[in-house]
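A.B. asks: Next come the chains, spelled out residue by residue.
There are 2 protein chains.
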Amino acid sequence: MVILIGAISDRMLGNLEMFTNLKRDVAQINLDPLQRGGILTPEARAALVEWGDGYSICDFCGGAMDRIKSPPIENFVHESLPEFLGIDEVRITHGAREGMFAAMHAICQSEDWIVCDSNAHYTTVLAAERAGLKIEFIPSSGEPSFKVSPEGYAKAIERAYEKKGNVTMAVLTYPDGNYGNIVGVKAVSEICHDYGIPLMLNGAYAIGRMPFNARNHGVDIIVGSGHKSMASSGPIGVLGATEDYARTIFRCSSLKKNKEVELLGCTVRGAGLLTMMASFSAVVERVSSWSKEVEKARWFADRMGQLGIELQGDIPHNHDLMFFKAENLYEISRMAKKGRHFLYRDLKDRGICGIKPGLTKQFKLSTYLLGESDLENVLVAFDEIITSYT
Amino acid sequence: MVILIGAISDRMLGNLEMFTNLKRDVAQINLDPLQRGGILTPEARAALVEWGDGYSICDFCGGAMDRIKSPPIENFVHESLPEFLGIDEVRITHGAREGMFAAMHAICQSEDWIVCDSNAHYTTVLAAERAGLKIEFIPSSGEPSFKVSPEGYAKAIERAYEKKGNVTMAVLTYPDGNYGNIVGVKAVSEICHDYGIPLMLNGAYAIGRMPFNARNHGVDIIVGSGHKSMASSGPIGVLGATEDYARTIFRCSSLKKNKEVELLGCTVRGAGLLTMMASFSAVVERVSSWSKEVEKARWFADRMGQLGIELQGDIPHNHDLMFFKAENLYEISRMAKKGRHFLYRDLKDRGICGIKPGLTKQFKLSTYLLGESDLENVLVAFDEIITSYT
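Protein chains in written order, with this note's numbering: chain A, 1 to 390; chain B, 391 to 780.
For the record, the hints were derived by calculation from the structure and aren't laboratory data. Ideal Cβ positions, reconstructed from N, Cα and C, are used throughout, including at glycine. None of the hints are false.
Residues from chain A shown here face chain B by an in silico Cβ test under 7 Å; the list is partial:
1. ASN15
2. VAL26
3. GLU83
4. ARG269
The whole structure should be built from the sequences, with the hints applied where relevant.
C.D. replies: What follows is the structure, encoded as structure tokens:
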């Protein structure tokens, strides 16, 4: 028998049950690039159950999350992650976007300018806007390859200078989240350093999927996403920086001892961090098999091409995230009963999801960690769907 | 057989196994105030398993997390939470601290001043420092009651004015996290409004434990913590604001349609939010039993007093979070073999944890949601420990 506070309305009471026992309605084969790298390992699933309670990781905290020894967070954050990323200092964040904001907020001053690839994720733009920064974009080559050239960085910096902009950061999305394009980082970082500007890499689709060493590419600041590419329960990310920039980004409070201002003391104070740690062994292993993932993506793209569905972006492609253009599916959508939702529904009927409902003319998908038989099923499904309408 | 990238050192490979299969070492009775309100309900545990994968809640997202209809996040965020908190607009954040920063960053300008109770959590200070704000504190009455008076807010605002400060926000911690003291909010909000200053309430230890209606107390902005007090897997929190302030805090990007700048688009894009939703029914119910929790806390404090362990802060006490002073335990620590760690170890031997290792002279604990027999065991343990050394 529940005795309720007078302020709670009948309508709210009627709603309460709606939020419990919710089941996820997801198909067997999920092609969503956002989700393929975030599927938990069995070890991460076990960690989630073991450490689920709020503040569970704080049982033996001495005042700084990244220095907790039991569980071995200190070792993970201060030894394993810096080596994995190839950078001096790493901290855990709530995600790639929160890491980008922290770095921009710490390093740039309000009204400064950044330069950024035009394929950037929308959160790069939001992080800059939140930090009060202006953006000069490096345009892409447009359809069909959407390439961003390293030289574009020099031109964008020059354009910003012409506008009297104080450029204090460059951002490169690696790969970008639309086309899965890979830009030559080393060339970009050399250009940025010639202008005395640090390069931040948004590696949300790289870190945890493909090998990447920030130091070898001259990257000064790097962010990654646990829920996107490190088999972690989110939101969680990593933020790494070279010693010079780490000093500013991870500066301690002048008022509260040992508390890092940009992180508001601690960030992921819960189970998400333990899932990232639990998956780490598997993540290191899968990164080492990256070339097979690239091969598989290329094979899949070729087969899609035979169905009249054309890969955009880098060709040959270098990432599992791919953007396709399908005039034939678009033509079908114009006459299909279900209209532009036909593709989503027809794929779902065949146990496939992850392409956004309503898209037909162009869409992205990922083949990451999918077996060949699953991908064969996807190809058969596209073939069947196209044939059934023609 | 793992084929590894050359860059990975043997030392790192040796470390990998350290991060999997980690078990939590927590005693049967946990008195940690930080953790008592964050213990998951069975429904939240089920949600964690169901929605554990990264970005799982985004299966049917149209571009704004708080507008997702399946699972029913939109209803939770835009109907249930505003009613529960008694405020116009609510959003999900990564926690109370992140909510405080978002509000300060949106409403105040760098170099502005805020006034804040001196019992405030350290993260209030960090959030202000990160936003470039100066702080004028409202002092407490000191030992033993550590009271903060509403009138102190007027004096602090006046002091800030004398320093030529532009005061743009007042913050009250309700209750504070050291003494569990409750300050009369209505009196504080009236004073702040007389000066034309909004009042932000840090309700990390209130929302989800005790009934609270922001509107009835004249609170303009309110933050709560899911992992601290709403039986959620963290980090997660809520941020509410009246219509006027919501317009500023939750403003949309000028560059990216429908994306809220202060939230960087979306915040808790994972299982944590589903645990908060799954626990919500139980949370609404437990809030209605708050008076019993207060009675239980008072009874426990009385019994501790009989053992020579004296409650500090408000007397009679109005919250489950209590701060105790124990000269007798301190005296024991000076001669005990294990030194100042004797209390932690002797309690742990009796299946009790949650008081910080090394503390004896003064410490805090919580009785929240503990049964009387568990609390009786805690009292017997303290009695036995004191007796065993005297």
